[in-house]
Amino acid sequence: MRAIDRNLGSCPVCHQLVHFPKRDPEHVAAYCPRCGSEVFPRKRSSLEYTLALTLASIVFYIPANLLPMMHVHTFAGTQSDTIMSGVIYFLETGSYLIGFVIFVASIFVPVLKMLILLYLVHSVRTGKSRFPKERQRLYLLTEIIGRWSMVDVFVVSIMIALVHFGGLSSIEAGTGAVFFLLVVIVTMLAAMAFDPRLIWDPTKEHHAH
Amino acid sequence: MEAHIVCCHECDELSTIPRPLRPGRYKCPNCGHTLFRHRPGMIEKLYAMSVAALILFLVTNYFPFLSFEVFGNSTDANFTTAVQYLYEEQDYLLAVALLMTTVVIPFAQIFLLLLLLGPLYHGRVPYYAPEMMKVLEAITPWAMLDVFLVGVLVSIVKLVKMGTIIPGTSLWAFASLILILAYAQSIYDPHPIWEKIEEGQNEGRVKRYVERDA
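Here the protein sequences come in this chain order: H and B. Read in order, the letters of the first sequence correspond to residues 1 to 209 in our numbering. Read in order, the letters of the second sequence correspond to residues 210 to 423 in our numbering.
In isolation and in its complexed conformation, chain H is listed as follows (with noise of 0.2 Å):
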């Protein structure tokens, strides 16, 4: 039995179990008497929301990876680095588990976390009761590994903090890293927009006819 049935719903915050009040079923939203949060049967503009984010961090991606995340000056000259570049450096010089560290967090997360988000997005939009659990697992991979994407951004903050020898040497930030900041904020809100309520309404309702 789902809880939006019998007109209820979770706080989102603290979990406390709320009465909506039966007026007007287009927009309920009632206060948690514990907490005080809004209470909505599901998040509001759920897929909205995390569409437009997704594109958005697609958008930034896109900068992320074509401008170089950092400028090493030497002596010798100013050396950029884009995060591809990163993760060939480090394969050509024999340190394959930082290689793949930095192509897993780097590349594969935020690439496969929006194809994830855009997949389950289309398939709540098309209403697809198949495979609950497996796109719910889907979802929660997201909400786990998103933050891992920040390795590279830490990278290059240390790298700065550590080679600053004015003239002789020093690395600079480039503007990759700030869009590949941007992606992984932006997906991180895009995966707390998504109700991953919405994967199991088709399925439920299907069971109350």
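Calculated from the structure, these hints are not laboratory results. Hints may be right or wrong, so weigh each one.
[Claimed, not checked] Not everything, but these chain B residues come out facing chain H in the computed CB check (under 7 Å):
1. E219
2. N282
3. A291
4. V305
5. A306
6. L308
7. F357
8. V363
[Claimed, not checked] Label-pair ranges, simulated between beta-carbon atoms:
9. H/K133 <-> B/P229: 24 to 32 Å
10. B/D398 <-> H/Y96: 44 to 52 Å
11. H/E134 <-> B/P229: 34 to 42 Å
12. B/I264 <-> H/T93: 53 to 61 Å
13. B/E346 <-> H/R125: 22 to 30 Å
14. B/E278 <-> H/P63: 53 to 61 Å
15. H/K133 <-> B/P350: 17 to 25 Å
16. B/K370 <-> H/H71: 13 to 21 Å
17. B/G332 <-> H/Y96: 38 to 46 Å
Only a predicted model underlies this, so the values are computations on that prediction, with no experimental measurement involved. Yeah, the Cβ is synthetic: ideal placement off N, Cα and C, and Gly gets one too.
Assemble the complex: chain H is given as a structure, and chain B must be docked to it using the hints.
Same frame as chain H, now just chain B:
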């Protein structure tokens, strides 16, 4: 408390939980997601962990975590060194994001946990406990110290060919901090805290929210 009905956050399924609770994990009968975990002694353990975390956090931020040496020149880095340089280079967005995810939010997290759990441990509920829990809930996804640790490891490998990397005093404190935070995260469950808050509200000792209609 009468029959305890819980609503699954992932799939909206209602399920009845028999009282008294037995220790362990309660799962949603529909989707299998964890509804909540009942762990007697969670507040005591979490309190201990947050005291340890606060000490380690202060040590971590006070001492440099890495030193780097090339041709006799050496640099030290602690958590705010990069923030300072990024700020000087006018990369404000990166500077703010770095400061928030690795210093401000983790500290706020530990500090709020202490403010909450200290009184709870002594059987009291702070008046603003609901607000503190709300802030805690909102900031938790943005604390990224564990990701930062991986960043440190990657940077070490990246720099080791360019010069000498010397692990600083705080690197060990930092690694322990991550372990403690990971353990605290694994036992943390907000439900018992909210139940204590509710008891406090019923007795009029904790901030209450008037029921309003939308």
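Q: State the violated hints by number, sorted upward, taking the hints as numbered earlier in the document.
A: 4, 6, 10, 12, 14 and 17
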